[in-house]
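Undergrad: For reference, the chains in residue letters:
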Amino acid sequence: MTSAGRHTAHPDPLPARGAREQDGPALVFRRVGKVFETPTGSLRALQGIDFEVRRGEFLSVLGPSGCGKSSLLALGTGLEFPTEGKVEVAGRRVDRPVTDVGIVFQSDVLLDWRTVLGNVMLQIEMRGVDVREYEARARELLNTVGLAGFERRRPYELSGGMRQRVSICRALVHDPDILFMDEPFGALDAITREQLVMELHRIWNETRKSVMFVTHDIGEAIFLADRVLVMTPRPGRIEEMVDVDLPRPRTIAMRESPRFLALVAHVRSLFVRAGILQLSA
Amino acid sequence: MTVSDTTDAMTHPQDAAASTPRDARKRFARRALFARASPLVVIVGVLLIWELGVRIFNVPAYLLPPPSAIARRIVVDYKLVAINTWVTLGEVLAGYGLAIVVSIPLAAILSQFRVVENAIYPTLVASQTIPKVAIAPILVVWFGFGLLPKILIAFLICFFPIVVDTMTGFRSVPREVIWLARSMGASQWKTFIKIRIPAALPNIFAGLKVASTLAVVGAVVGEFIGADRGLGYQLIVANGLMDVQLSFAVLVALSLLGIVLYAAIDLLERLALPWHVSHRMADGAKPAEASR
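As given, the protein sequences belong to chains S and Y, one line each in that order. First residue of the first sequence? That's 1 in the numbering used here, and the numbers climb one at a time after it. First residue of the second sequence? That's 1 in the numbering used here, and the numbers climb one at a time after it.
Keep in mind that the hints were calculated from the coordinates and are not lab data. Where a beta carbon is used, it is the ideal one built from N, C-alpha and C, also for glycine. Fair warning: there could be bad hints in the mix.
Stretches of chain S that chain Y covers, calculated by requiring three or more beta carbons in the stretch to come under 8 Å of a beta carbon on chain Y [to be verified]:
(1) 94-101
(2) 105-119
Simulated restraints on C-beta separations [unchecked claim]:
(3) Y:Ala29 x S:Arg202: 56 to 64 Å
(4) Y:Leu93 x S:Asp189: 26 to 34 Å
(5) S:Pro39 x Y:Val115: 44 to 52 Å
(6) S:Glu140 x Y:Arg27: 24 to 32 Å
(7) Y:Arg175 x S:Glu133: 43 to 51 Å
(8) S:Arg92 x Y:Tyr262: 20 to 28 Å
(9) S:Arg92 x Y:Val115: 51 to 59 Å
(10) S:Gly146 x Y:Trp86: 41 to 49 Å
(11) S:Gly146 x Y:Leu268: 53 to 61 Å
(12) S:Ser280 x Y:Arg27: 54 to 62 Å
(13) S:Arg96 x Y:Arg36: 41 to 49 Å
(14) S:Arg96 x Y:Gly144: 16 to 24 Å
To give an idea of the interface, some chain Y residues facing chain S are shown, with a C-beta separation under 10 Å as derived from the structure [stated by the list, open to error]:
(15) Pro174
(16) Gly185
(17) Pro198
(18) Ala264
(19) Leu267
(20) Arg270
(21) Leu271
(22) Leu273
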């Protein structure tokens with residue numbers, strides 16, 4: 001399929017979705033485009049990106065590498081700025097790094113010289129907030145991810161899954177408005193990955209944070225999310241916003257349910273239609 | 001068979017399993033002891049071969065004295081050796097200290113401000129192509145025969161490795177960590193203090209170790225050119241007198257000086273960075289379960 005064909009199939013930008021929640025969305029992308037200037041010319045990373053993360057919503061951003069998923073995260077957190085359109089967090093236009101956020105990257109980026117607790121508390125120390133006030137919360141968070149008793153350990157004593165759990169605690173300890181996750185389980189083995197997906201789901205269920213969860217795993221994206229933003233590359237654009245109507249809380253058995261499988265099949269068909277996946281070898 | 005017998009039999013495998021880690025620890029301790037002792041064994045072996053070789057092949061003492069003779073000479077002339085070691089040590093520490101005080105802040109500035117780096121770094125690299133030994137005579141002309149030229153040469157020779165390694169260290173912080181710091185609303189300064197400095201410490205220590213051995217070289221070169229005391233001076237004098245025994249005595253003092261300085265930095269590193277990777281690997285005590 002040519003890019004022109006894709007263009008007509010998906011008028012740009014997408015029409016605004018339904019009525020806004022009373023509180024207003026946690027994150028808004030309005031007709032956002034991003035062009036990078038390189039020595040060999042300009043490179044379009046994103047085009048006509050138009051969506052919202054509603055308050056308390058878990059939104060997955062799904063796409064193959066190179067579709068600008070991570071750029072969305074950089075734009076949403078104010079680490080980069082759009083060349084077209086605008087980004088708003090909690091109703092305020094993003095024109096500097098957003099601080100009322102928690103970020104989890106693919107690599108846990110824990111500081112080797114700090115203990116587990118110290119790594120979580122970095123979030124508080126860097127903000128210059130009263131450390132004692134948050135330490136109990138940090139310990140409690142570590143407890144909920146099964147790391148009670150590991151507070152004094154150093155990152156190198158932990159497994160990859162445990163390290164990523166610590167980095168999730170670090171992203172939550174200051175009780176941020178919105179949580180950004182950039183392929184947080186991408187570096188983990190399949191089973192650890194499934195463990196952490198379940199844990200993240202449980203944490204989300206208890207806290208109901210607004211989450212933007214970037215991933216390239218179709219099952220993971222659907223299982224966790226209220227809606228899945230399906231993206232295609234070159235340039236990164238929205239293919240479709242898929243509503244996930246699976247009941248909550250989700251159970252691991254739902255991954256075999258007909259509805260889940262139908263959603264997976266639908267998303268896969270979107271990638272086939274975009275020419276990213278082939279129907280046969 | 002009674003009930004208790006059955007219980008015994010059932011718990012027995014567990015007991016065996018429990019004793020295994022203890023054995024492993026013992027085995028591990030033995031291996032660690034051997035690892036520590038093995039360099040000593042090598043040194044003693046080399047000295048022994050040297051001693052025997054000299055005696056068996058009747059090598060004349062004015063060419064290659066046996067280790068025993070050198071040791072005896074050190075004992076006899078301990079005052080001479082000690083005074084000169086003291087002088088050289090002072091020059092080494094002063095030059096080395098000066099290099100540390102100048103290099104680390106300079107590297108911090110260079111790594112933080114691209115404009116400064118672009119302006120200064122090329123000149124810095126170019127200046128390193130001049131052999132320090134070649135500058136030494138000029139420094140003596142400028143600053144005389146006192147301590148100053150030796151300190152300066154030691155400084156010049158250890159300055160660059162510390163700068164380069166420290167810069168690498170400050171740059172070693174992953175981009176994501178800096179992003180995190182910004183999302184935490186932290187100032188550049190706070191990020192520098194809380195993240196960049198601790199992250200740079202392993203590289204800083206690597207630079208300090210390399211520089212510690214170079215500092216001794218610098219001081220001795222300075223003493224070769226023009227001095228009336230110090231181990232380098234004593235070496236020149238001993239050579240002039242064809243007193244090879246004394247030359248070796250001075251060499252022993254020099255290498256001890258270098259070893260002690262290096263060991264001190266190494267110890268400091270172990271105390272300051274217990275979390276550091278290379279030690280973790282060297283100790284091998286804690287293989288991370290993580291498959292990263």
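Undergrad: Are the hints correct? Go through all of them and say.
TA: Quick rundown of the hints versus the structure:
Closer than 8 Å: that is the beta-carbon criterion, and the stretch 94-101 of chain S has 4 residues meeting it against chain Y, so the requirement of 3 holds. Using a Cβ-Cβ cut-off of 8 Å, 6 residues of the stretch 105-119 of chain S lie near chain Y, which meets the minimum of three, so the contact claim holds. Hint check: Ala29 of chain Y to Arg202 of chain S, Cβ distance near 44 Å, so the stated range 56 to 64 Å is violated. Between Leu93 of chain Y and Asp189 of chain S the C-beta distance comes to about 51 Å, which lies outside the given range of 26 to 34 Å.
Look at Pro39 of chain S against Val115 of chain Y: about 20 Å separates their beta carbons, and that is not inside 44 to 52 Å. Judged by the Cβ atoms, the range 24 to 32 Å given for Glu140 of chain S and Arg27 of chain Y is violated: they are separated by roughly 41 Å. Our hint of 43 to 51 Å for Arg175 of chain Y and Glu133 of chain S is violated, since their Cβ atoms are close to 30 Å apart. Restraint check, Arg92 of chain S to Tyr262 of chain Y: a C-beta distance of roughly 56 Å breaks the suggested window 20 to 28 Å.
Against the hinted window of 51 to 59 Å, the Cβ-Cβ separation of Arg92 of chain S and Val115 of chain Y comes to about 33 Å, which falls outside the hint. The supplied range of 41 to 49 Å is broken by Gly146 of chain S and Trp86 of chain Y, whose beta-carbon atoms lie about 59 Å from each other. Look at Gly146 of chain S against Leu268 of chain Y: about 37 Å separates their beta carbons, and that is not inside 53 to 61 Å. A C-beta distance of roughly 57 Å is found between Ser280 of chain S and Arg27 of chain Y, which places it inside the suggested range of 54 to 62 Å.
A C-beta distance of roughly 55 Å is found between Arg96 of chain S and Arg36 of chain Y, which places it outside the suggested range of 41 to 49 Å. For Arg96 of chain S and Gly144 of chain Y, the hinted distance range of 16 to 24 Å is not satisfied, since their beta carbons lie about 58 Å from each other. Against a cut-off of 10 Å between C-beta atoms, the interface hint on Pro174 of chain Y holds, since the closest Cβ of chain S lies about 6 Å away. About 4 Å separates the beta-carbon of Gly185 of chain Y from the nearest beta-carbon of chain S, less than 10 Å, and the hint is met.
Interface hint at Pro198 of chain Y: satisfied, since its Cβ lies 5 Å from the closest Cβ of chain S, which is below the 10 Å cut-off. Below 10 Å, beta-carbon pairs count as interface contacts, and Ala264 of chain Y has none with chain S, the closest being about 21 Å; its hint is therefore violated. Given the 10 Å rule on beta carbons, the hint for Leu267 of chain Y is violated: about 18 Å separates it from the nearest Cβ of chain S. With 10 Å as the threshold, the beta carbon of Arg270 of chain Y stays out of range of chain S, its nearest partner Cβ sitting at about 14 Å, so the hint is violated.
Because the closest C-beta pair between Leu271 of chain Y and chain S is about 13 Å apart, greater than 10 Å, the hint is violated. Taking 10 Å as the C-beta cut-off, the interface hint given for Leu273 of chain Y holds, the closest approach to chain S being about 7 Å.
Hints 3, 4, 5, 6, 7, 8, 9, 10, 11, 13, 14, 18, 19, 20 and 21 from the list above are not met by this structure, while the remaining hints are.
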